[in-house]
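Colleague: Spelled out from the first residue to the last, the chains are:
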Amino acid sequence: MTLAQKLCVAVFLLPQLTVWLCLAWLYYLNPVDACMPYVSLCLGYWRIGVPDPLSFLFRAGLFSAVVVWLFWWYSLKAWLLLSIKQPTAWTIRHILLLGAVACSALLVSVALLRPEQTHILWGWQSAAVALFFIGMVGAHSRVIYWLYRKRRQWPGELNLTAKLRMLSLQWLLLAWWLVAVMLHSPWQQPLEWWLMLAVSSFPMMFWRDWRHFRLILTH
Amino acid sequence: MSNLSMTLPQRIALAAFFIPVVTIGLSYALTVAGGHEPLCIPYIEGCATITATGIYYPAAYILRAGIAMSAVVFILWWYCVRLWLESVRQAELVAWFHTVVWVATIGSVLIIASMVVLGENLLPSRDHRFLWRFHATTAGLFFLANSICQIMMTVRMRQLRRQMNIAFSHIVVKEVLALLQLLFLTVLIGMTIVGYEFEGMVAFFEWWLATLSSLFYLSAWWDWRDFRLTRLEQSA
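So the sequence lines, in the order shown, correspond to chains X and G. Quick note: the first sequence uses the numbering used here, first residue 1265, plus one each step. Quick note: the second sequence uses the numbering used here, first residue 34, plus one each step.
These are computed hints drawn from the structure, not numbers from a lab. Each statement offered as a hint is correct.
Short, incomplete list of chain X residues facing chain G, as computed with Cβ under 8 Å:
1) Asp1316
2) Arg1323
3) Phe1327
4) Ser1328
5) Val1331
6) Leu1371
7) Leu1376
8) Arg1378
Rough simulated footprint, nothing fancy, chain G against chain X, three-plus residues with beta-carbon under 8 Å:
9) 1332 to 1338
10) 1379 to 1390
Which stretches of chain G does chain X cover? Using the computed rule of at least three CB atoms under 8 Å from a CB of chain X, they are:
11) 91 to 99
12) 105 to 112
13) 141 to 154
By construction, the Cβ of each residue, glycine as well, lies at the ideal position given by its N, Cα and C atoms.
Excised from the complex, chain X in its bound form (with noise of 0.2 Å):
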């Protein structure tokens, strides 16, 4: 596996397998509380990270997956520029950009939830969750109509329909969620699980494309 790919699968990992472990911990603590959160209303995705400590894994996890995805975003730009010979500087760096806001939005949400539930800014929080969803499904929306329009001058086999699909299912989620959020509906809870779960398996849908890109010379 190339290190390229290594990042589309730490991506997709890191932030699933801290919130799974997460819940199989408070299961174990609290086994009256435990619940599917993708599918019932009772446990918000960000409130997993509240509690000590679950928050010392939650945080962990989550900010180690903020670096990572940056440098994915950094391979993305690699790749595209790699890609086309006459590389359009603007249109990249603007992704790559619109990657960096989403990934720091991301630190903000996690870095704000503490164990103390009364004090955490919850406005500034949502503020972040909202600009980090918003920014990541914009910036992957902006990868693929990009790719779309580079379709018949790239080099190599690209295979849009999957990663399509998956926007489409990011938008649909996006928009629900942010209904949910405006009505104050308690659907905004399952909704940010599958949220988190779509925006991550994103990077994933590179994981092919990139078996022949290699990042690093020496290999």
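With chain X held as given, fit chain G onto it using these hints.
Modeller: What follows is chain G alone, placed relative to chain X:
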């Protein structure tokens, strides 16, 4: 390609220096502004530990996030070191490079573990002895693993100096930084073992160790001017 004038490894070296230094400085400033620690020069007076700057909010938000992110950058820095040293293509050294990078990676994971437990949840300290011990042990092991790996790297760089065309002054700077770390660490461990303590001892050594370690990461910036990770950078 003006944006590629600095290589990716050089950017990692800069990030490995600036993220922790700015994070610690900012969280210390916020802690002082909040009236939790005195305004002083911790390098001389040992008046405040780095840990103390990550206890009270909002400084704790910054210290936890900043140092956890720095640790991932450290891992990437060590990954670059491995590739850079492996470029001499000496098969018998590969296992050695891998071991050093693994130890350094484990050290970086330990500092993440050490930082994520910080916050007002550690107060009062007498009620959270386990977490305090966990924090102190993991942070201590990080400094130990990190300084050993940095010393090992310096030794190997000296051996490979001719093959890799490394400037002598670059190695001397690294040696000084690594030896100072080892000296501070040995004195700290020795004093702890014999039970000799002076006021602000831990704070004094902690600030120096963190700074020396960060400077060591930065020192690679000069070595990695011609070291390219991506093919694109090579062609640029």
